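> Protein chains in written order, with the numbering used here: chain H, 1 to 327; chain A, 1 to 327; chain S, 1 to 327.
Some hints could be false.
Stated by the list, open to error - In silico SDA-like pairs for lysine to any residue, Cα to Cα no more than 20 Å straight-line:
(1) K76(A) x S268(H)
(2) K76(A) x A108(H)
(3) K76(S) x L187(A)
Note that these hints are calculated values from the structure, not bench results. Remember, it's a predicted structure, so these values are computed and weren't measured experimentally.
Listed below are the residues making up each chain.
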Amino acid sequence: MSQFDRHAIDQVFAAADSMVPFANRQRVTRVLEGAILGNMFFEPSTRTRVSFGCAWNLLGGEVRETAEIKTSAIAKGESFYDTARVLSGYSDVIVMRHQIEGSVEEFASASRVPVINGGDGSNEHPSQALLDLYTIRKEVSDRGKGVDNLRIALIGDLRYGRAVHSLCKLLTLYDNVHFTLVSPPELSLGDEYIEEMRGAGHEVVESSDLQAGISHADILYVTRTQEERFPTQEEAERYKGLFRLNQSVYTEYCEPNTVIMHPLPRDSRGNANELDNDLNENPNLAIFRQTDNGVLIRMALFSLILDVADKVEDTARDVSWYTAKRF
Amino acid sequence: MSQFDRHAIDQVFAAADSMVPFANRQRVTRVLEGAILGNMFFEPSTRTRVSFGCAWNLLGGEVRETAEIKTSAIAKGESFYDTARVLSGYSDVIVMRHQIEGSVEEFASASRVPVINGGDGSNEHPSQALLDLYTIRKEVSDRGKGVDNLRIALIGDLRYGRAVHSLCKLLTLYDNVHFTLVSPPELSLGDEYIEEMRGAGHEVVESSDLQAGISHADILYVTRTQEERFPTQEEAERYKGLFRLNQSVYTEYCEPNTVIMHPLPRDSRGNANELDNDLNENPNLAIFRQTDNGVLIRMALFSLILDVADKVEDTARDVSWYTAKRF
Amino acid sequence: MSQFDRHAIDQVFAAADSMVPFANRQRVTRVLEGAILGNMFFEPSTRTRVSFGCAWNLLGGEVRETAEIKTSAIAKGESFYDTARVLSGYSDVIVMRHQIEGSVEEFASASRVPVINGGDGSNEHPSQALLDLYTIRKEVSDRGKGVDNLRIALIGDLRYGRAVHSLCKLLTLYDNVHFTLVSPPELSLGDEYIEEMRGAGHEVVESSDLQAGISHADILYVTRTQEERFPTQEEAERYKGLFRLNQSVYTEYCEPNTVIMHPLPRDSRGNANELDNDLNENPNLAIFRQTDNGVLIRMALFSLILDVADKVEDTARDVSWYTAKRF
Chain H
1 MSQFDRHAID
11 QVFAAADSMV
21 PFANRQRVTR
31 VLEGAILGNM
41 FFEPSTRTRV
51 SFGCAWNLLG
61 GEVRETAEIK
71 TSAIAKGESF
81 YDTARVLSGY
91 SDVIVMRHQI
101 EGSVEEFASA
111 SRVPVINGGD
121 GSNEHPSQAL
131 LDLYTIRKEV
141 SDRGKGVDNL
151 RIALIGDLRY
161 GRAVHSLCKL
171 LTLYDNVHFT
181 LVSPPELSLG
191 DEYIEEMRGA
201 GHEVVESSDL
211 QAGISHADIL
221 YVTRTQEERF
231 PTQEEAERYK
241 GLFRLNQSVY
251 TEYCEPNTVI
261 MHPLPRDSRG
271 NANELDNDLN
281 ENPNLAIFRQ
291 TDNGVLIRMA
301 LFSLILDVAD
311 KVEDTARDVS
321 WYTAKRF
Chain A
1 MSQFDRHAID
11 QVFAAADSMV
21 PFANRQRVTR
31 VLEGAILGNM
41 FFEPSTRTRV
51 SFGCAWNLLG
61 GEVRETAEIK
71 TSAIAKGESF
81 YDTARVLSGY
91 SDVIVMRHQI
101 EGSVEEFASA
111 SRVPVINGGD
121 GSNEHPSQAL
131 LDLYTIRKEV
141 SDRGKGVDNL
151 RIALIGDLRY
161 GRAVHSLCKL
171 LTLYDNVHFT
181 LVSPPELSLG
191 DEYIEEMRGA
201 GHEVVESSDL
211 QAGISHADIL
221 YVTRTQEERF
231 PTQEEAERYK
241 GLFRLNQSVY
251 TEYCEPNTVI
261 MHPLPRDSRG
271 NANELDNDLN
281 ENPNLAIFRQ
291 TDNGVLIRMA
301 LFSLILDVAD
311 KVEDTARDVS
321 WYTAKRF
Chain S
1 MSQFDRHAID
11 QVFAAADSMV
21 PFANRQRVTR
31 VLEGAILGNM
41 FFEPSTRTRV
51 SFGCAWNLLG
61 GEVRETAEIK
71 TSAIAKGESF
81 YDTARVLSGY
91 SDVIVMRHQI
101 EGSVEEFASA
111 SRVPVINGGD
121 GSNEHPSQAL
131 LDLYTIRKEV
141 SDRGKGVDNL
151 RIALIGDLRY
161 GRAVHSLCKL
171 LTLYDNVHFT
181 LVSPPELSLG
191 DEYIEEMRGA
201 GHEVVESSDL
211 QAGISHADIL
221 YVTRTQEERF
231 PTQEEAERYK
241 GLFRLNQSVY
251 TEYCEPNTVI
261 MHPLPRDSRG
271 NANELDNDLN
281 ENPNLAIFRQ
291 TDNGVLIRMA
301 LFSLILDVAD
311 KVEDTARDVS
321 WYTAKRF
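Turn these sequences into a full structure, and let the hints steer you where they fit.
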């Protein structure tokens, strides 16, 4: 995430804006016809994997894919260096997810083609952070505000949630953001992040009280307990369901039109349920707009990396099949 | 399956007929170039998954895919509602298979794009039933008969076989079908199906005698013991191999030209072997024509759902590579 | 591999040469637009699976894929005959990998479309052998030599390494090859291979001394202990790390410019490490040129099988997106 400054972010967001007619199935482009994405997910994922693949397809390219580690040479003792050298001979861009922190950076340094981090362990998930920020900007701008001076409450597992980590880094680039961090002490955000945020002049308040934490915010960013990152399942269970947002809590404690976000998946099982289904009809629930924005952001990243952002229209035409209303 | 009446079925079959030159690799169409299929198989499948994907590719579209549940957010407690909302932002149509009965209907009700049921537990498998009926119609019409007044013997695991369930519902729409149900009592067809069939005026005979059951039929529809649906493997073993059809049984008991069908896979292990390999050269063995017809039916469904059935020819051209004789 | 004679090999290599601009992302062709590859990997693989898929995509075709056996009907007792009959209705060509020796041949005999062996157990891996031979020819020709009179040392697990088996068969077609086989006695090359090589007039020397074995060779072909083929993990562990090549061994014992090859993945874990990372900057390390050549060879095979090798240019155009320098 530290490769991005505000100018780069603005570029990505402008490109994302221009992708709406394509993601919305009004227009088709073939600008990347013949190009191949290596969609290398060495850790299980449906959402992010399909989102990246779909974004690439919408630009006209083909996807070659891996959906788990055990079908991989890495399981036979291959180094990231070798895997990168090999796979980068097969595609024009690689998206990589792996459960080891720092793995993607090591991989990228040996790759002969550009590499996008699709999530590396508890470390970072930059495309998620970009789509989160893009969503924040859109949502608060609909309400007459901007990212500067934003009041955001981050709620839940802030320790293992890589989406949170990357988002905090991004928001740090803006001015005077007010962060409220609501988590059990054991799952609090790492000191290195907090220091960086404070060092850049932002206000950071830590709390383990949900109701106080959400009462003066523009954005509530709720997260799932990342149980797959805990040493044991028992330990993960201890933290599930500690903070639950539902319509009545929202009505009682939040300002009107407070936006609700979540990197998804939300855990809807009874013992977790951090974001209740009774919020589904609340127009301020932005979680599905968020995931839709992910396609735009990933199309933008691909088009900028491959230097085709201004050529997308060259091969564009109207869609000629039935398309459902989507956005 | 209950969404289909005879008129809708005729529409699907007419569209399927028009797809032959494309499935047979004589012609290529690009009518869905730029469209994306979300091929979401949360239960293992090769045949059906690849058949749907291939049908989509033959119309010119791209496929994004999931081949198993554990790589999915559902495993992290995500509701079908959420999964549907998210995935429907990625594709133009979704095919979904899941082992929970009713899951696809729940999913479809939250999806923003059309959803096709690729099989939900022991419940239904409608595209299989359509290809079965399409095959029946073709096979008996070659023999001068129709689906009305059909005599069909359904053999084997009628309890857990979802292909059987969907096929019975479809056949119920026709006139005066004679059903012979051959199964061990514990694996008999559910009463609700039988009542529906009888209520519509069809004759239904239950039997646990293979030889009597197959002796006056136009179609033998043999099924595999759906061992993966049984509470325990031991219980499944008890029912394997109870009814076995081979060439000598066929010759002795069946009328000439009785058509043999099977939803596949057939279990060719010695302890099962419900349909012997010595039937492979029997011209009345329609099981591979059946699976080939699956591509036609799925192309037809896609083209009708996306309203391009009459535009397929607009982008069509002759194939220019070597193609094996197939149908 | 025995289907190939020197004339056929020359044809493949000529076609592979012509694929360089496409694999190198300078040119795009759509010659197989509309064609479908059935990429059926019933044994885990990333490299070979993605390499075949990528080669097909680079010719303009679509890929339908299976990445493991358990999602397959074969796990439900389906015969290779049935699987082949079914899957060959879905695609124009099939690539198949399976852990059972001879499985691919059995499958191919029932398939209605051409089948390429992507590796069958410890038996053969012909596309790997072709890319290995293509690499050998390129590398030694850069050094003024040919495949006739080649001196090659094969090192490591020669018993289970199917790439070695197929390569030996291919090299046997040439004249006067000098083979040095370096392995522990328990992992030596099967007698049937050695007899064939000697019967064709080649010199074969067996050794369990790495230093002697590598000292007079044009090519070192190093292999990984194929631990997944051993009866037990313990047995596999016994043979790991017996022969290790690193830069200082290379400098002390090899002739200048001896080419180092490996079918990959190399096992870089401390207890194995058959090819040390300190060789990565050695210009004679050809392992990544080898894997890049795999795309060319697979494109060549597809284009010859489908009879489009001379039509590739008909639909070709320059690439219009950013491409990294690759070869």
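> Run every hint past the structure and note whether it holds.
Now the hints, each set against the structure:
| no. | hint | result |
| --- | --- | --- |
| 1 | K76(A) x S268(H) | holds, 9 Å |
| 2 | K76(A) x A108(H) | violated, 29 Å |
| 3 | K76(S) x L187(A) | holds, 19 Å |
Of the numbered hints stated above, the single one contradicted by the structure is hint 2.
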